[in-house]
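A.B. asks: Residues per chain, in single letters:
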Amino acid sequence: MTIEARSLGFRYGDKPILREVSFTLTPGRFHALLGPNGAGKSTLFGLLTRLLALQQGDILMAGQSLKKQPADAMRQIGVVFQQNALDLDLTVRQNLQYHAALHGLSRKEARKRGDRELERFHLLERANDVVRQLNGGHRRRVEIARALLHEPTLLLLDEPTVGLDVASRKALNDHVRTLCEHDRLTVLWATHLIEEVREDDQVLILHQGQLLANGAGHAICEAEGTRDLAETFHSLTGAG
Amino acid sequence: MKASHYWHCFVGIQTREWLRFWQQRTRFASALVRPLLWLVVFAAGFRAVLGISIIPPYETYITYETYIAPGLCGMIILFNSMQGALSMVYDRELGSMRVLLMSPLPRPFLLVTKLLAMGVVSIGQVYVFLVLALLVDVEPPLWGYLAVLPALILTSLMLGALGLLIATWIKQLENFAGVMNFVIFPMFFMSSALYPLWRMNEASPWLYWVCQFNPFTHAVEAIRFSLYLEWNPVAYGITAGVTVALALMATAGFRPQRTRILGGKPA
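Protein sequence lines, in the order shown, are assigned to chains A and B.
Just so we're aligned: the first sequence equals residues 656 to 895 in my numbering.
Just so we're aligned: the second sequence equals residues 848 to 1114 in my numbering.
By construction, these hints were calculated from the structure, which means they are not laboratory data.
One or more of the hints may lead you astray.
[Claimed, not checked] Here chain A is said to cover these stretches of chain B; the calculated rule only asks that three of the stretch's residues, wherever they fall, bring their Cβ under 8 Å from a Cβ of chain A: (1) 854–867; (2) 1092–1106.
[What the hints assert, rightly or not] Per label pair, the in silico range of CB-to-CB distance: (3) B:1100 to A:767: 43 to 49 Å; (4) B:876 to A:710: 44 to 50 Å; (5) B:870 to A:830: 26 to 32 Å; (6) B:996 to A:766: 28 to 34 Å.
We put the CB at the ideal spot given by N, CA and C, even for glycine.
Sequences are here, hints too, so could you generate the full structure?
C.D. replies: This is the structure:
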């Protein structure tokens, strides 16, 4: 599914947060949304997930406007939020079943799909554990498994590695890339950590609400005349 | 979306609320202490100074405990609804709200279902309270326990919607203490929960009219009359009308950016 953002603008009161942001996400590719803290990444996620109402511009999912066909669009999106969105006192399976029900799936279907996802994430044996007993990395995996339950074509992850150690961060990043390759899933991975981005990724660099670069990582480096993405990121945003 | 999608979603939201209720059953049990104190301690003291004449729906002289029991049922729902609404937009329920709002089903349906689910848990507490009230001789007719159910559902939806509306739009009331001082206590004290309105009229006519304009008064009266198998169309009509109006306003006016659902401070 192609996702197209057209001239997105957003302001909180008088303060502009996003200005004329336009991009297209290619189906089945891993896209990194790179930006320092406060760049507007979470606001952009808010718009893509309909938690924020569009003020200016439009988002098209497979050609359908998010304004006009929100239900169709929401069926296609799986989301992993920056902050934990699991019920810590419920079991892994109960969390998955809640999500599945919200997407209109029966308990039987939810169980089937839930077990399938948990198996893929090597978490099936933890299905009846209360989420509070899981470590941070496993919780994140449960959140991704949950986001995939309704079989979306677009997976949005807003700084999913926040609070994880280096090894868990890498494992999670690798895992999502595998999903992207195997399932032809379109991924938008927001981060401020340059080490989570590879040069052959599609990279969007957001800074102070403006999209400063958009394209393959190596092509951006070439255009900027820099050695690598870290240098590009630093020269464009002053961060890194 | 098919009807079955709505049904699975409805059941899923209800189930989750009950699972959480079960996880936190000690907290829910402790929430019963407040109305029981009112019933046992406050009512015992007040009985001596306040005589209750025969007023509908009662057919004979009643004890003060019997009079305030329906008001305390309303109080349980009032506290729970406000607390629940605040937790939806500021506190414990933020994670589940994020997940809820990602559903492709219409947002008003999701929010009303969520409010109803929270209401069902409150209603469970009301029934436990009514069973315990038997110990102080508050004995409504047996069928009254069933007849009161629609009034309890309406009240919980009305107050849940009010809570959501307040929590979304009035930033100054983002903590429970503020809501308690400016919403819960005025609504509770300026109603027929603790004193019959004719008494209020004798004491202060303007206060009487404030009570009349307070929808909580009519919710309490709808609970009182149905608990004693009497039909009060005015109380029911006002409660139902206010419920529909508040539910429409709360769901249509719901803006996640005015809450902490997105993370960070509300806009």
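A.B. asks: Take the hints in turn and mark each one as holding or not.
C.D. replies: Going down the list of hints, with the structure as the test:
For the region 854–867 of chain B, the stated coverage by chain A is satisfied: 9 residues place a CB nearer than 8 Å to a CB of that chain, which reaches the threshold of 3. Coverage of the region 1092–1106 of chain B by chain A holds [criterion: at least 3 residues with CB-CB distance below 8 Å; count 3]. Roughly 38 Å separates the CB atoms of residue 1100 of chain B and residue 767 of chain A, a value that falls outside the hinted 43 to 49 Å. Roughly 46 Å separates the CB atoms of residue 876 of chain B and residue 710 of chain A, a value that falls within the hinted 44 to 50 Å.
Judged by the Cβ atoms, the range 26 to 32 Å given for residue 870 of chain B and residue 830 of chain A holds: they are separated by roughly 30 Å. A beta carbon spacing of about 32 Å between residue 996 of chain B and residue 766 of chain A agrees with the range 28 to 34 Å that was offered as a hint.
Violated hints amount to a single one, hint 3; each of the other numbered hints is respected by the structure.
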